[in-house]
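**Q** Those protein sequences? They're chains A and B, same order as listed.
Take the first sequence: its position 331, counted from the start at 1, is 331 in our numbering, and no numbers get skipped.
Every number in our numbering is 1000 more than the matching position in the second sequence, counting from 1.
Derived from the structure by calculation, the hints contain no laboratory data.
Where a beta carbon is used, it is the ideal one built from N, C-alpha and C, also for glycine.
Warning: the hint list may mix true and false statements.
One side of the interface only, derived from the structure: several residues of chain B facing chain A at Cβ under 7 Å [stated by the list, open to error]:
#1 Ser-1007
#2 Phe-1009
#3 Ala-1037
#4 Tyr-1042
#5 Ile-1044
#6 Arg-1060
#7 Gly-1063
#8 Ala-1065
#9 Thr-1069
#10 Glu-1070
#11 Glu-1075
#12 Asp-1078
#13 Arg-1079
Below are the EDC-like pairs computed for lysine to aspartate or glutamate, each with C-alpha atoms no more than 20 Å apart in a straight line [what the hints assert, rightly or not]:
#14 Lys-1067/B to Glu-1109/B
#15 Lys-1067/B to Asp-60/A
#16 Lys-1067/B to Glu-280/A
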Amino acid sequence: MLATPVSIAAPFHPASAPDYVPLRQLRDLQLARLRATVRRAYHQVDLYRRRLDERGIRPDDVTSLDVIRLLPFTVKADLRDAYPFGLFASPLTEVVRLHASSGTTGKPIVVAYTREDVDVWTNAMVRTLASCGLGAGDVVQNAYGYGLFTGGLGAHYGAEGLGATVIPISGGNTDRQIMVMKDFRVTAICSTPSYFVHVMERARELGVDVRALPLKVGVFGAEPWSESMRRHIEADSGIKAYDIYGLSEIIGPGVASECAAQEGLHIFEDHFYPEIVDPETGEPVPDGEEGELALTTLSKHAMPMIRYRTRDITRFLTAPCACGRTIRRIQRISRRSDDMLIVRGVNVYPSQIETALLEVEGTLPHYQIILTRERGLDRMEVQVEVTAEIFSDRVGALEQLQMRLEQAIDRVTGLRVDVRLVEPRTIQRSEGKARRVSDRRPQ
Amino acid sequence: MIIHQLSLFLENKPGHLAEPCRLLARENINIRALALADTSQYGILRLIVSDWEKAAALLREAGYAVKVTEVLAVEAPDRPGGLAHLLEIFENSPINIEYMYAFPFDRSERAVMIFRFDNPEAAIALLKAAGIGVVDSVEVYNR
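Model the full assembly from the supplied sequences, consistent with the hints where possible.
**A** Structure below.
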């Protein structure tokens, strides 16, 4: 029996039914799937068998969900070391799709999907988009990159599975994006939040009023973004901006999504089992406390992941959600432990800079952090693009703006930085994930 | 009476001044007057052009941060003390001159100055009362 969904403004989509399953039933399902996953990993993947044997754990020992904390973690380096196919649990004859991460350092990470895995992914993305209020009748402009990156095809299958009309435009060619958005009467866009900010900015230059278009929903993911950036996007474009979460190592987009309440992301935990652990010790933190998200896949065949360390910092939101979903929520991810910068001994996250910049009225979040070292001392420069809104014909006004930005960053981070005003569009735009930091300090 | 001036944000780097000028030249827009306020990191290019609306649209589409400001073109006698006399009019008024620059204009014995006032309407009234000519916008844009 399903619990009766409590609707808050959003219509109920049948694919969302598993989001509302009673908790006992959900835990039973998770345990059965965890046992099957561990068994498969143990028998099909050398790395998992070796690590489980080292700990003296047999698949049959998984008799409760609590046992998961005895299982070994999997980290990004494991995937890199296994390049290309070392962690596959299915023969290639059963693998219907490969994706790969861009691999900024060294070799990329390769991930595999069986036919069933693609169906699970589609199911998770259908539920993601339904949770963002989309359905049949929506026209979805999918500006996530198509290709080895999981974003494009993940959102594509999800939107098609939902019965929406998909425009597979991929990323880039912003003028054409705007033309299509207008002419095809697009109601929803999928992209990274930073790319959408760029689209808004270009639309303004072309004299296109995004607020007057039928566009009503943005499904944004693939990079951490702040609550203040959401407010900025929503106020500027008149759309509802939803945060979604996912990573290729687990499946791609579709691991978790916001709902109409926009208060945290529901993890589709019938497929992806979440834990929050202390990033230092790996021990689970008490419910509601901040830590690193670790995920275990429960339904994947080709590439099961056991306790994968995401490096993403979040916490469980323990209160029931207004939307009525029973699956757990995590707080939106505003930072990754990988992103942390240490500047003159102070820990700084790019998201803090973003929050500070947005505090100063009218500043668009096109910025870049440049770290250098001068005579042994770290120097942090924040380049901020001067837009028409913040530009003034008076030097004094610009100098004041520069000072206000520096003070805001100082307040948030406790660091003295130099703000440099740069021409619009001089900071490189990314069609995918934004590159906010350029660390030029000698290692 | 009121002249529309365009301001552009430019970084203080080689080539950054030439690019917008080239853009205007391609569209046959004449630059009538110009002033550059510079700091070590950036500059503000202020332009009076023959077709400011077209120029603003062009520059915006090219991605520049463009601001349109209302300024006044004021005549002063082209002789020693001409400008000093003009400035005296504002000395005892609450009107502030944000900045000013000269306008290259063929008028015998008359110089034309561009003024950015914090309150252009009040400045016009004050100039009129003092019998000082404010140059018509049509005359400024079209040469």
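**Q** If a hint holds in the structure, say so; if it doesn't, say that too.
**A** Taking the hints in turn, this is what the structure says about them:
no. : hint                     : verdict
1   : Ser-1007                 : 4 Å, holds
2   : Phe-1009                 : 4 Å, holds
3   : Ala-1037                 : 5 Å, holds
4   : Tyr-1042                 : 6 Å, holds
5   : Ile-1044                 : 6 Å, holds
6   : Arg-1060                 : 5 Å, holds
7   : Gly-1063                 : 5 Å, holds
8   : Ala-1065                 : 4 Å, holds
9   : Thr-1069                 : 5 Å, holds
10  : Glu-1070                 : 10 Å, violated
11  : Glu-1075                 : 23 Å, violated
12  : Asp-1078                 : 27 Å, violated
13  : Arg-1079                 : 30 Å, violated
14  : Lys-1067/B to Glu-1109/B : 33 Å, violated
15  : Lys-1067/B to Asp-60/A   : 71 Å, violated
16  : Lys-1067/B to Glu-280/A  : 51 Å, violated
Violated hints, listed in ascending order, are 10, 11, 12, 13, 14, 15, 16; each of the other numbered hints is respected by the structure.
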